[in-house]
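S.K.: Given the sequences, and given the hints that come with them, work out the whole structure.
Same order as they appear, the protein sequences are chains A, B and C.
Residue 54 in my numbering sits at position 54 of the first sequence, with consecutive numbering throughout.
Residue 13 in my numbering sits at position 13 of the second sequence, with consecutive numbering throughout.
Residue 3 in my numbering sits at position 3 of the third sequence, with consecutive numbering throughout.
Take these hints with a grain of salt, some might be off.
Claimed, not checked - SDA-like, lysine to any residue: derived pairs with alpha carbons at most 25 Å apart: (1) Lys-115(B) / Gly-143(C); (2) Lys-163(A) / Lys-2(B); (3) Lys-172(C) / Val-217(B); (4) Lys-278(A) / Arg-17(C); (5) Lys-278(A) / Lys-76(C); (6) Lys-2(B) / Gly-97(C); (7) Lys-91(C) / Thr-177(A); (8) Lys-76(C) / Val-222(B); (9) Lys-91(C) / Phe-114(B); (10) Lys-215(C) / Glu-134(C); (11) Lys-119(A) / Phe-253(B); (12) Lys-172(C) / Ala-208(B); (13) Lys-278(A) / Lys-2(B); (14) Lys-2(B) / Lys-215(C); (15) Lys-91(C) / Arg-190(B).
Honestly, the hints are just simulated from the structure, not real lab data.
The primary structure of each chain is shown beneath.
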Amino acid sequence: MDQLLQHSLNALILGGTYALLGIGLTLIFGIMRVVNFTHGELYAFGAYMMYLWVMLAGINFYLALVLAVLLGVGLGALIELALLRRLRGADIDTTMLVMIGAWIALQNLEQFTWSGVAKSIRSPFPSAPLVLGPVSVSWNRLFVFAVASALIVATYALINRSKLGKAMRATFQDPETAALMGVDISRIHTATFALGSGLAAAAGALLGPVFVAYPTMGDLASLKAFAIVILGGLGSIPGATAGGFILAFMEELGAGYVSSGFRDGMGFMLIIAILLVKPTGLFARRERIG
Amino acid sequence: MKRTLTLAFLALLLSLPLWMSSLYVLHILIMTGIFIIAAMSLNLLLGYTGQLSLGHVAFFGIGAYTSSLVSLGFDVHLLPDWRVALAPKPVWLGMLLGVLLAAGCGWVIGRIAFKVRGAYFVIVSVSFAEVVRLIALNWLELTQGPMALNNIPVLRLGIPDWFEFAFLRKPANYYLVLTVAILAYLLIQRLVHSRAGRAMVALRENEALAASVGIDVTRYLVLATFVSAGIAGAAGALYAHYVRIVDPEVFSFIYTVTMVIMVVTGGKGTLLGPIVGGLLFGLLPEILRAFGIPPEIQWVSYGVLMILVVSFLPAGIVPALAGWWQQRGDAAAQPAVAASSRPPQP
Amino acid sequence: MSQPSAIELSLDRLTIRFGGLTAVDGLSFQVRQGEIASLIGPNGAGKTSAFNAITGYIAPAAGSVSWRGKRLDGLKPHQIAELGVVRTFQKTSVFAGLSVLDNVLIGLHLRSKQQPLAALLGRVAAEEAALATEAHGILQFIGLAARLGQLASSLPYGELRLLEVAIALAAKPKLLLLDEPVCGLNPAETASFMQLIDRIRALGMTILLVEHDMKMVMGVSDRIVCLNEGRVIAEGAPADIQKHPEVVRAYLGRPRT
Chain A
1 MDQLLQHSLN
11 ALILGGTYAL
21 LGIGLTLIFG
31 IMRVVNFTHG
41 ELYAFGAYMM
51 YLWVMLAGIN
61 FYLALVLAVL
71 LGVGLGALIE
81 LALLRRLRGA
91 DIDTTMLVMI
101 GAWIALQNLE
111 QFTWSGVAKS
121 IRSPFPSAPL
131 VLGPVSVSWN
141 RLFVFAVASA
151 LIVATYALIN
161 RSKLGKAMRA
171 TFQDPETAAL
181 MGVDISRIHT
191 ATFALGSGLA
201 AAAGALLGPV
211 FVAYPTMGDL
221 ASLKAFAIVI
231 LGGLGSIPGA
241 TAGGFILAFM
251 EELGAGYVSS
261 GFRDGMGFML
271 IIAILLVKPT
281 GLFARRERIG
Chain B
1 MKRTLTLAFL
11 ALLLSLPLWM
21 SSLYVLHILI
31 MTGIFIIAAM
41 SLNLLLGYTG
51 QLSLGHVAFF
61 GIGAYTSSLV
71 SLGFDVHLLP
81 DWRVALAPKP
91 VWLGMLLGVL
101 LAAGCGWVIG
111 RIAFKVRGAY
121 FVIVSVSFAE
131 VVRLIALNWL
141 ELTQGPMALN
151 NIPVLRLGIP
161 DWFEFAFLRK
171 PANYYLVLTV
181 AILAYLLIQR
191 LVHSRAGRAM
201 VALRENEALA
211 ASVGIDVTRY
221 LVLATFVSAG
231 IAGAAGALYA
241 HYVRIVDPEV
251 FSFIYTVTMV
261 IMVVTGGKGT
271 LLGPIVGGLL
281 FGLLPEILRA
291 FGIPPEIQWV
301 SYGVLMILVV
311 SFLPAGIVPA
321 LAGWWQQRGD
331 AAAQPAVAAS
341 SRPPQP
Chain C
1 MSQPSAIELS
11 LDRLTIRFGG
21 LTAVDGLSFQ
31 VRQGEIASLI
41 GPNGAGKTSA
51 FNAITGYIAP
61 AAGSVSWRGK
71 RLDGLKPHQI
81 AELGVVRTFQ
91 KTSVFAGLSV
101 LDNVLIGLHL
111 RSKQQPLAAL
121 LGRVAAEEAA
131 LATEAHGILQ
141 FIGLAARLGQ
151 LASSLPYGEL
161 RLLEVAIALA
171 AKPKLLLLDE
181 PVCGLNPAET
191 ASFMQLIDRI
201 RALGMTILLV
211 EHDMKMVMGV
221 SDRIVCLNEG
231 RVIAEGAPAD
241 IQKHPEVVRA
251 YLGRPRT
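M.R.: Below, the structure is given as structure tokens:
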């Protein structure tokens with residue numbers, strides 16, 4: 001029972017960052033209909049930015065976190081402006097292929113810059129965990145959970161309460177009508193991609209100090225993000241949030257009770273199983289794309 | 001004109017081991033050839049049928065592992081008291097089973113593809129490849145996991161104890177790969193120039209219209225994945241018995257990406273595209289390495305190259321060249337697309 | 001006009017819903033063998049939805065579709081085509097990246113029993129030649145023979161619409177459903193198309209037409225069915241429909257006094 005509680009607590013914390021990844025991708029995938037292969041690379045970018053600013057530049061941890069997220073937003077905007085804008089009318093295959101090219105280029109740039117050796121990032125938290133009765137949790141992870149939750153709430157507020165969010169929702173529902181109503185679709189796309197990338201970078205920046213940073217860390221992150229989007233349904237923030245926690249729980253429980261080797265495989269098997277049963281995803285209300 | 005070029009090219013390929021003394025170059029050509037076979041198979045699915053399947057490496061790996069395991073023999077416990085063992089079998093049988101198992105998996109994926117379309121199918125196909133990789137990595141009893149399957153035997157053809165030829169040396173492997181590549185090419189060429197091939201292209205171009213004239217969408221999707229996967233499995237089997245070590249890295253997504261880059265830059269939906277793309281991306285690393293460019297930067301340049309080609313030459317190099325050639329007034333050079341566009345002979 | 005005999009197509013209380021919207025509501029009518037029937041009605045009346053249901057692209061919520069006594073609802077589009085019911089599409093639908101000849105060759109899919117294995121063994125040369133000849137013939141019938149080798153996407157709009165019909169004809173339909181075939185054509189092209197319809201009818205086909213161009217509808221139809229808001233509001237010979245008050249009201253919104 002204690003083990004179950006510990007696993008559940010771990011899953012809860014992991015789920016928060018997974019939700020960030022998933023929300024970022026579901027916005028991009030949902031509003032722009034782009035299969036964003038670079039999502040995982042933004043995650044890795046966030047982690048490496050933490051390494052750069054905390055370990056190499058010696059900047060304050062919290063400041064570095066903010067910086068990492070902002071740089072992630074910037075990189076996302078850059079990718080959108082440089083690559084995707086020109087491809088606005090192109091078919092989904094072409095865009096996907098360009099995203100694959102960008103992913104290759106980004107990952108190898110990262111590998112070239114930082115080398116393949118894993119980098120650990122020091123966090124300012126005490127290393128002794130906080131013990132709450134039968135379970136224990138490290139301060140680092142608590143911090144991660146707190147920040148992730150705050151970001152999820154902030155994103156939700158942005159999408160549902162702000163003018164930008166309203167424009168984004170309109171673009172998601174019906175781009176043509178939104179354009180007729182005066183929404184600048186290009187600007188919305190840039191904002192969406194930047195926001196989604198920023199969330200991925202945030203997830204990476206938060207988890208980097210918990211684990212380590214290594215060049216291919218983005219690959220699994222990308223695939224898990226897709227699993228979450230499919231779980232939660234395209235464009236649905238509550239769905240992506242729920243999906244993030246569900247995936248984390250499945251991973252934790254699977255690793256704890258079945259086999260740790262298959263921990264990462266959980267996500268993929270989940271994807272395949274769900275799409276076989278319900279080809280539009282678990283919570284999807286819209287038609288499937290493609 | 002086209003015929004003479006083709007014959008000249010074939011003559012060059014066939015005679016190569018006779019005058020190429022560098023074993024290293026032969027090795028590069030063998031590996032490139034294996035990748036070209038895999039790229040041609042992906043082209044059938046991605047180029048002709050229009051299915052962006054990004055799990056193609058799974059079929060390659062399944063062919064490699066199956067062939068290796070059959071020729072090495074294995075002894076596993078599927079359940080605590082359910083033991084399955086196989087004594088080592090001849091390599092040619094292993095290769096055949098590798099092709100069949102890969103094709104079988106292709107059949108399954110094809111049936112799934114019909115239910116799950118477009119971008120979701122991309123995700124499913126990638127997930128499938130990842131699951132297979134994780135199985136290979138973790139099922140130590142069967143695959144040795146990261147310790148790899150070693151000492152995989154080479155292909156032997158002939159009558160045992162009487163006369164047998166072992167494909168051990170590089171020239172032999174070169175001819176083996178070349179033969180399989182030519183066979184694969186002919187297979188695909190005949191398929192795409194037939195009714196089935198037209199149906200596949202119809203699916204790519206306009207699926208609703210294709211259905212309205214009686215084309216069974218599921219059937220042709222499944223046929224395309226079946227054949228495509230089988231050929232990829234053959235490439236994997238060739239790889240296994242040439243390199244003779246197989247580890248779960250053979251399922252890496254990077255190989256799918258390599259194949260995709262080859263097909264897309266070469267020209268998807270054309271017969272020559274994957275060959276041109278394959279030669280380009282098989283030989284380019286060697287050329288770049290000669291200039292001292294580190295592998296990561298090579299890959300950055302491939303990524304950039306793919307972005308450029310997709311953005312500016314969306315049909316690929318072969319159609320672009322063919323179009324340019326045609327503009328120079330040479331009517332004989334036509335891009336190799338499905339079905340002839342010449343008027344019929346009465 | 002000769003008296004058409006057997007029932008070719010029969011819709012029985014066909015109902016189609018999209019989310020909360022009822023596009024077609026208890027639609028019933030019949031088309032007799034050998035006749036040219038037209039389905040008319042204002043936009044949103046449910047005409048294309050009916051076509052989609054008849055040819056298996058959407059599933060009806062209720063009711064049935066029968067062709068020569070055989071139930072069509074529940075079948076997949078390609079199965080319906082195999083039986084002999086072929087449709088064209090409202091939005092221009094061709095295989096844009098392929099040549100005109102290839103377009104028609106694809107249409108001839110059902111005409112051949114060629115198996116993939118035979119193709120792999122290289123035994124299909126004779127049949128391919130025969131198919132090419134047949135495609136040539138179809139293009140001549142339609143009037144596009146000169147465009148044989150051209151890319152479909154390079155054709156002018158009017159010829160694209162002809163190509164669509166050529167592709168459908170290649171499938172050798174017994175019942176041909178044309179969805180707004182002259183939409184966007186100029187009067188000369190429309191007149192030419194009307195002659196094409198007559199030539200097609202002479203081949204023995206039954207034709208069901210959805211059209212807005214009243215001149216064309218009145219000119220070619222044996223019978224007209226008028227829909228509004230998913231229901232039949234009038235049915236009969238062109239002369240009767242023209243004067244029918246319900247039809248007039250549906251189109252103009254108020255009765256003519």
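S.K.: In ascending order, which of the hints set out earlier in this document are inconsistent with the structure?
M.R.: 1, 2, 10, 13, 14 and 15
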